[in-house]
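Engineer: Chains as they are written, first to last, in our numbering: chain E, 214 to 661; chain S, 212 to 554; chain X, 715 to 1111; chain H, 21 to 271.
To be clear, the hints were calculated from the coordinates, so they are not data collected in a lab.
Among the hints, a few may not be true.
[As the list claims (entries may be wrong)] Computed spacing ranges between beta-carbons, pair by pair:
no.	chain 1	residue 1	chain 2	residue 2	range
1	S	Phe-415	E	Glu-548	54 to 62 Å
2	X	Val-810	E	Gly-655	22 to 30 Å
3	H	Thr-77	S	Phe-415	37 to 45 Å
4	X	Val-810	S	Arg-331	39 to 47 Å
5	S	Thr-385	E	Pro-636	45 to 53 Å
6	S	Thr-540	E	Ser-466	31 to 39 Å
7	E	Asn-298	X	Leu-891	32 to 40 Å
8	S	Thr-422	H	Ala-167	35 to 43 Å
9	H	Ala-167	X	His-721	22 to 30 Å
10	H	Arg-32	S	Thr-540	54 to 62 Å
11	S	Phe-415	H	Gly-35	52 to 60 Å
12	S	Pro-391	E	Lys-411	20 to 28 Å
Where is the CB? At the ideal position from N, CA and C, for every residue including glycine.
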Amino acid sequence: MSKSNFTRRGLLKTSAIAGAGVAMPTIFTASSAAAYTNEPTGSGVTLGFNVPQTGPYAEEGMDELRAQELAVQHLNGEGDGGMMNTFSSKALKGNGILGNKVKFVTGDTQTKSDAARASAKSMIEKDGAIMINGGSSSGVAVAVQGLCQEAGVIFMAGLTHSNDTTGKDKKANGFRHFFNAYMSGAALAPVLANAYGKDRRAYHLTADYTWGWTQQASMQAATEAMGWETVNNVLTPLASTDFSSYIAPVLNSGADVLVLNHYGGNMVNSLTNAVQFGLQDKMVNGKQFEIVVPLYSELMAAGAGENVQGVIGSMNWNWQLQDEGTKAFVKSFGEKYGRPPSNSAHTCYVQTLLYADACERAGTFNPCGVAEALEGFEFDGLGNGPTLYRADDHQCFKDVLVMKGKENPTNQYDTLEIVEVTPRAQVEYAPDHPMFAGGELGKCNPGA
Amino acid sequence: MDAVILQILNGLDKGSAYALIALGLTLIFGTLGVVNFAHGALFMIGAFCAVSLSKILNLSFETIDETQTDFLGNPLKVKTAYIESWFGPELGASIIDWAVPLAILFSIPIMIGIGFIMERGLIKHFYKRPHADQILVTFGLAIVMQEIIKHYYGANPIPTPAPDVFKGSFDFGTLLGFDPNVIIYPYWRLVYFAFAAVIIGTVFAFLQFTTFGMVVRAGMADRETVGLLGINIDKRFTIMFGIAAAVAGLAGVMYAPINSPNYHMGMDFLVLSFVVVVVGGMGSLPGAVAAGFLLGILESFASMNEIKSLLPGIDQIIIYVVAIIILLTRPRGLMGRKGVMED
Amino acid sequence: MLGLNKHDMKMLLIVAALAMLAPFLLNPFPTDSAMAQFNAGYPDLMQRFVIFGIFAIGFNILFGLTGYLSFGHAAFLGVGSYSTVWMFKLLDYNIVPGIILSVIVAGLFAVVIGYVSLRRSGIYFSILTLAFAQMSFNLAYSVLTPITNGETGLQVYTSDPQYLIDDWETVPHLFGLVEMRSTYTMELGAWSFDFNAGYYLCAVLMVLMFYLSIRIFRSPFGMMLRAVKSNQTRMNYTGLNAKPYTLAAFVISGMYAGLAGGLLASMDPLAGAERMQWTASGEVVLMTILGGAGTLIGPVVGAGFIKYFENIFSKINENVLHEWFGFLPDGLENAVVWVVEHFVGSGWHLTLGVLFMMVVIFLPGGLVEGGQRIMRMLRGKKSDNDAEKTTQSTPAE
Amino acid sequence: MGILEVKNVNKRFGGLQALGDVNLSVEENSVHAIIGPNGAGKSTLLNVLIGKLIPDTGSVMFDGQSVLGRKPFEICQMGISRVFQTPEIFGDLTVLENMMIPIFAKRDGAFRMHAVESTANEKEIIEQAEHMLESLNMADQRHDHSASMSRGNKRRLEIGMCLSQNPRLLLLDEPTAGMARADTNNTIDLLKQIKDERDITIAIIEHDMHVVFSLAERITVLAQGSPLVEDTPDKIRGHPKVREAYLGESA
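Here chain E stands alone, though its shape is the one from the complex:
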């Protein structure tokens, strides 16, 4: 029998078009036989991997896809098991999730919030995906997170670094393994003060959109707390390809550090331009001029080439970490694809395992059960040491890496080196921290 979804005001009380084959409403409906959206029917469980496959972040998306595919193999008991062997929780048995073989579908976010939502919706509506994983920008993450909340599936956020994702835009159905702008600032500031001194004057170039702003605010707050002075903050248009006109005035501003709050193509170009101007060769205020890139990624470092040498930045994770989990993951990823995984690949891999593990521990795919299992979950063995998924805002807390461009890289993957592993305690903050204020988690939505 068919059941209507007409709302309570329900002027048209349902008189269902009952027919032999007319069955139940599926997703997005108020009630049905299913207890939650896309409840697996026994033939397996489908995960949705939504990553940029076209546009400037395509390479990052590809790496995320590789990692997710690897995670699916490991969940299904194929391959060497990777991090499943080092994971502190032993709920996963290599027989899929709750006995269901894991399948996956992929989509292209195009790094546009519209396209990403369309792609995620098609996974949920058409392919019956029960969880969406991946992505490579904060705008997309927030947009897709909102969608998953409405649709009643779990969202694991991929690469998103804006404070808003688990701040003013946090959602009960969404989780983020990646670190955020505040954590970058908190991890970087002491290292910077150490390396360059406490009496520094910083000039910020900031990508003129939400992520750039939160990144800049975090860096400014953290460095000023260390005694730095902020000379200026200049917003640069997203569409800029040539940053020369923003970099040219830096030397005359009295600043001796340039902070590039840019990501992706913007960062590759602004860093390249800054190095072209020879800023690092100059002495200002009697000190060597320095450049800082708060958020690093391996692919960006590769794109900027030798320009990253000596430049300090932060990262969520890096393949050069020496813990057992990292070693296991790098080994199975490297053997399969012939290259070390990037930090966004690591995030997506780990999130897939964590989701599966949470299902196992909750004994259900019901998003509310899964969310409950993830909230406040403490674990180890997935890189970055002991890790917490905080219940208040679904932000993950773990050690943060401070990186530096390597002076003499030995091969194409050896672009960055770990300067310091900032302990988790140092990057933690209260859930009601002003930078994360506004918005509420809401209640988990199982969608049915």
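Since chain E is already given, all that's left is putting chains S, X and H on it; use the hints.
Structural biologist: Using the frame of chain E, we list chains S, X and H on its own:
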């Protein structure tokens, strides 16, 4: 004052890139009457000529170094470029170092070849077709070219540095009596500016002082009449297309060290180059060059803090604001001719 | 009937039937079969088909009739979406005020942009519209973030005022009668078909808008617009003022775009700034040309094609390919997969690019006209003449 | 007082005196030809008459109203129709549609939104258009694409479109330029027929003496931007100044 001088330098530099791309585009507009949405892709392919040459020069054989290990803990494979083993490490290294300037020579035949193939194989059949069809086919071609590059080189930008001698920056200020470090400008950007000036000068001289150029200019002014004179204008137009492609390609080659090339860099420049051409006036070469420099300089000024603090976000839209003002005050852009692409 | 001649009526009925039966037509393959990947009959994509259909129909009223090629129509789509989401934020989730506002706001934007841009023609006009749209996009993404929520896109927060909200409202709905997202799934053997309320709302509006566009095409006004395209000199010396005609066409097509934007936001209450980017403006140009500019049905076909490739081809990955070609011997399988891989998944752009070139080379005039040519060729010479006659008396078919 | 009065019109382009002290009066219901060698200022004068160029000094009055500074569509609405050197018709439209548009313009003025009415229901307009086509002997071609017609037929259609608005003054700019002899004669016959059947003033700018002497009732000869003489065709034929300025050049 120093800030203004700096921004003028920046403007000239940006402007030379805009002018070079717009020059080729307007040549194609003016001579062939074709809206070429693949022009940005030609610029991108030029940049990838530089990337390719540097990859070719870096072709290496591998030797296994037992003393080092790679990321999986296996013995490290050390790569040695053939060039280095043939010419000795020093000469070899400096050849590799000079990959981008060498790519100028490498790219000219390639770009002209691509231009010929495009014109003979595709564009030729679209002279008489509506502009809408030209847009669709050239846009499709641009996507295909992009995807081919993406397939071979990936989506990530590829660093393509300038030769070591051109690294760092030149202190202009000391020449003008300023303190050191007040007005500095990167060597390679100065090279780019000079290079653009040479190319633009060459194209103009070619059109001005050769018979070929005269015919082409006559063809730009009045295609039918020139055709009636019994001159084989088609062949000349093919050559013109090759030249336009080469100009775009050279602009790309030299741009590679300024910003690491990636497969969609052409699309980033496409809209801008159309704006430049139209602001300059359809079918006018000097107009395109003038508009390129004008927009470059204004864009640089708009990014100055003093101006941004008065008008937040002005640097986001300056190009478009200027374009609107110019098109409303001068119906055919700076130097456009009547009747070209007005319907 | 309805003021249409027989031929137009037939076309309208076909479009209406296709729209109403889309859930069946777009899901021709059993859910669990390997070909199910090609099914497009899920709510989100069906909604996009008809919404972008509306967008393209409207664009065609400007471009197809007057020949003015606007490269900035996405701006109207964007402001339409923003208006609707703002209505959600200020009033409640009822979509009607939002959609009405989006049409009005887009119309006002179109009056201003059109008035200025129509002072020029040809490519100068195109660049003026492009400039306005790019300014809107750049500002929406950055400086105007308080109004547009920039990078993330405008969305509804629980902290928004929503002065008229009732506590049962959580998603967009129509006067509380039905929620836009409610869907019935009909299982018929191995097949399953989705009937989505939002889709049907959009489909009905699309058919209405299609009807309106036929009326405009066949009206004296439509004839005047074609006269503008054909010869502005003669138009002026016939005592007609071309400017208000083109401005009217511009505003109408802007309002169509606003409606499309409003519907997009009603189906999915989020308005991203990318909707206004030049690529989005370019997309509707491509849709219209691909389908056939100046033909009635072409733009809808073009919109369907592009959205299909974007949403279906981009989702085919290596695993799916191996499933499909699993029956082949291993070496061959890998070879085939390797080739096909370039055209699907992350290579869907390539397919689209090749498609654009193929269509414009082999089917000049777009898919619809190309289709007609093929039909004519098949039918032989006699009907050839007939067909020519009809296209000549109603060249805007 | 003529229906069209041109007084003391001067126009300079840079250093070139294109029109110098032009005075011209076109009588109502007459056929007045303006001739002159190349560069005599014929086109400039025409452009002044239809408001495209504003003269430096002087006035152009049509039926007591100034035409200067008016837009082309306003001038047309005043009752002046113009036929161009190369026929300007709506090439993408059918012959019948070409004919309907001026009739719409006559009825509805410069702009009116009939966006949802059907053209097919405008019976009156269609009837008038078909009637006009019949009188032009073009009824058979009414569903043809107008761009595909011969030049003579295009000219015919253009003149018909102008006449359908019942103008008081018809301006013709070298109406037979580039035509074959037969087409030229057809056009002359058409114009004669119009002159006989209607109350209409025709001003014609022409190069072809055959056309001028077949049609004109009065002729103004322009030379170097100024009217040389104005008289009847017979007088003009023998006028020594004309021979000198005009035929002398061609000799």
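Engineer: Does each hint hold? Answer for all of them.
Structural biologist: Verification of the supplied hints:
For S:Phe-415 and E:Glu-548, the Cβ-Cβ distance of about 58 Å falls inside the hinted range of 54 to 62 Å, so the restraint holds. Separation of X:Val-810 from E:Gly-655 is about 26 Å and conforms to the stated range, judged on CB atoms against 22 to 30 Å. Roughly 42 Å separates the CB atoms of H:Thr-77 and S:Phe-415, a value that falls within the hinted 37 to 45 Å. Between X:Val-810 and S:Arg-331 the C-beta distance comes to about 57 Å, which lies outside the given range of 39 to 47 Å.
Distance hint check: the CB atoms of S:Thr-385 and E:Pro-636 are about 48 Å apart, consistent with the given range 45 to 53 Å. Checked against the hint of 31 to 39 Å, the C-beta distance between S:Thr-540 and E:Ser-466 comes to roughly 36 Å, which is consistent with it. Hint check: E:Asn-298 to X:Leu-891, Cβ distance near 55 Å, so the stated range 32 to 40 Å is violated. At about 37 Å, the CB distance of S:Thr-422 to H:Ala-167 agrees with the hint of 35 to 43 Å.
The supplied range of 22 to 30 Å is met by H:Ala-167 and X:His-721, whose beta-carbon atoms lie about 23 Å from each other. Checking the proposed 54 to 62 Å range against H:Arg-32 and S:Thr-540 shows it is violated: the Cβ atoms sit about 25 Å from each other. A hinted range of 52 to 60 Å for the beta carbons of S:Phe-415 and H:Gly-35 is inconsistent with their spacing of about 29 Å. Here the CB-CB span from S:Pro-391 to E:Lys-411 is close to 27 Å, well matched to the stated 20 to 28 Å.
In the structure shown, a violation is registered for the earlier hints numbered 4, 7, 10, 11, in ascending order.
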